[in-house]
Amino acid sequence: MQTTKENTDRAIVLAPVGRLDFAAATAFQEALEKAIAEAAAAKLAVIVDCSGLDYLSSAGLRSFLIGARTAQSAGVKLKVCALQKSVGEVFDVSGFSRIMPPVSDRAAALAAL
Amino acid sequence: MQTTLSAEEGNLSAATAFLHGCWESLSLPEELLFPFELALEEVFMNVVMHGGSGHGPSTVWLELERGDGTLSMRLSDNGPAFDPLTLPTPDLDAPIEERAVGGLGVHLVRQMMDGVSYAYCDGRNTLHMWKPL
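Residue numbers (our numbering), protein chains in the order written: chain A, 1 to 113; chain B, 1 to 133.
Please note: incorrect hints may appear among the correct ones.
Not close to chain A: a few residues of chain B, all C-beta gaps over 12 Å, as computed [as the list claims (entries may be wrong)]:
hint: 1; residue: M1
hint: 2; residue: S27
hint: 3; residue: F34
hint: 4; residue: A39
hint: 5; residue: F44
hint: 6; residue: E63
hint: 7; residue: T70
hint: 8; residue: I96
hint: 9; residue: W130
Some chain B residues flagged as far from chain A (calculated, every beta-carbon gap over 10 Å) [stated by the list, open to error]:
hint: 10; residue: T4
hint: 11; residue: S13
hint: 12; residue: A17
hint: 13; residue: E24
hint: 14; residue: L26
hint: 15; residue: D68
hint: 16; residue: G69
hint: 17; residue: P84
hint: 18; residue: L87
hint: 19; residue: P90
hint: 20; residue: Y118
Listed next, with one range per pair, are the computed distances between beta-carbon atoms [claimed, not checked]:
hint: 21; chain 1: B; residue 1: L133; chain 2: A; residue 2: A37; range: 16 to 22 Å
hint: 22; chain 1: B; residue 1: G52; chain 2: A; residue 2: L113; range: 42 to 48 Å
hint: 23; chain 1: B; residue 1: G69; chain 2: A; residue 2: K77; range: 45 to 51 Å
Everything labelled a hint here was simulated from the structure, so no lab data went into it.
A virtual CB, placed ideally from N, CA and C, is assigned to each residue, including glycine.
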């Protein structure tokens with residue numbers, strides 16, 4: 001899996017592409033925590049654009065949860081957007097849609113900050 | 001179709017590749033691949049993390065079967081007897097700071113499959129999971 005990073009005026013946008021499984025979870029978590037630290041210093045938000053993410057397991061959910069906690073304690077807003085159907089289903093049945101409600105796309109994520 | 005693997009982290013990709021091969025050989029419906037792939041990762045990684053013994057990693061026997069109106073997957077291992085279905089459902093309403101980091105895997109398997117059963121027989125744990133075709 002690859003995660004691209006893009007800095008905009010208001011947010012750092014991370015875009016994981018491919019499979020967020022057990023093998024990819026640690027690297028993604030590190031990328032997320034690094035982006036949150038950078039965002040905290042620059043007073044930006046973090047958006048995770050999941051449009052290219054086609055697989056997510058509990059190991060990947062754990063990365064999101066740790067990221068959400070890091071963001072919360074750093075005072076950084078974290079938004080998840082553009083979930084594919086199967087990934088959205090994993091978010092729903094795990095209750096993650098309630099703790100970090102996903103929005104439809106980047107524009108909606110920026111609007112929700 | 002079946003395969004045998006050593007329960008090691010590095011073999012997750014081999015287990016997934018086996019499943020993709022089954023989908024191709026048996027011309028299975030695309031929309032069923034994701035739930036089976038997810039269930040396989042969760043169960044296989046549970047065996048990798050918790051199923052080892054002092055003698056090294058367990059062995060995993062993986063079988064996918066297209067039955068009459070049903071697609072089923074059996075994952076057996078020769079690790080210590082353990083029924084993952086006895087694990088409590090995690091608290092899905094807990095706030096971020098109280099959410100447990102583990103325990104979600106088995107919950108996802110139950111949610112993604114239409115049926116899951118556990119048996120321990122002849123020194124092997126077997127988890128049987130199925131969905132209608």
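We went through each hint and held it up to the structure:
Against the 12 Å criterion, M1/B stays outside the reach of chain A, whose nearest CB is about 21 Å from its own CB. Once the 12 Å rule is applied to beta carbons, S27/B is consistent with being away from chain A; the minimum gap is 20 Å. For F34/B, the non-interface assignment is contradicted: its Cβ lies about 4 Å from the closest Cβ of chain A, within the 12 Å cut-off. Look at A39/B: its CB is around 10 Å from the nearest CB on chain A, not clear of 12 Å, so calling it non-interface is violated.
Its closest Cβ contact with chain A, about 9 Å, brings F44/B to no more than 12 Å, contrary to its assignment away from the interface. No beta-carbon of chain A comes within 12 Å of the beta-carbon of E63/B; the shortest separation is about 21 Å. Taking the minimum C-beta to C-beta distance to chain A, about 21 Å, the non-interface status of T70/B holds against the 12 Å cut. Non-interface call for I96/B relative to chain A: violated, since the shortest CB-CB distance, roughly 5 Å, does not exceed 12 Å.
Its beta-carbon lying about 18 Å from the closest one in chain A, W130/B satisfies the requirement of being farther than 12 Å from that chain. With 10 Å as the threshold on Cβ separation, the claim that T4/B sits away from chain A holds: the shortest Cβ distance comes to roughly 20 Å. Its closest Cβ contact with chain A, about 7 Å, brings S13/B to no more than 10 Å, contrary to its assignment away from the interface. Against the 10 Å criterion, A17/B stays outside the reach of chain A, whose nearest CB is about 12 Å from its own CB.
No Cβ of chain A approaches the Cβ of E24/B within 10 Å, the least distance being about 17 Å, so the stated non-interface status holds. Every C-beta of chain A lies more than 10 Å from that of L26/B, the closest at about 20 Å, which supports listing it as non-interface. With a cut of 10 Å on Cβ distances, D68/B stays outside the contact zone with chain A, its closest approach being about 26 Å. Even its closest Cβ contact with chain A, about 23 Å, leaves G69/B beyond 10 Å, as expected for a residue assigned away from the interface.
No beta-carbon of chain A comes within 10 Å of the beta-carbon of P84/B; the shortest separation is about 12 Å. Every Cβ of chain A is farther than 10 Å from the Cβ of L87/B; the closest lies at roughly 12 Å, confirming the non-interface assignment. For P90/B, the shortest C-beta to C-beta distance to chain A comes to about 8 Å, within the 10 Å cut-off, and the non-interface label is violated. Every C-beta of chain A lies more than 10 Å from that of Y118/B, the closest at about 18 Å, which supports listing it as non-interface.
Remark: the range hint 16 to 22 Å for L133/B to A37/A is contradicted by a beta-carbon distance near 48 Å. Take G52/B and L113/A: their Cβ atoms lie about 45 Å apart, and the range 42 to 48 Å holds. A beta carbon spacing of about 48 Å between G69/B and K77/A agrees with the range 45 to 51 Å that was offered as a hint.
Checked against the numbered hints above, the structure breaks hints 3, 4, 5, 8, 11, 19, 21 and satisfies the rest.
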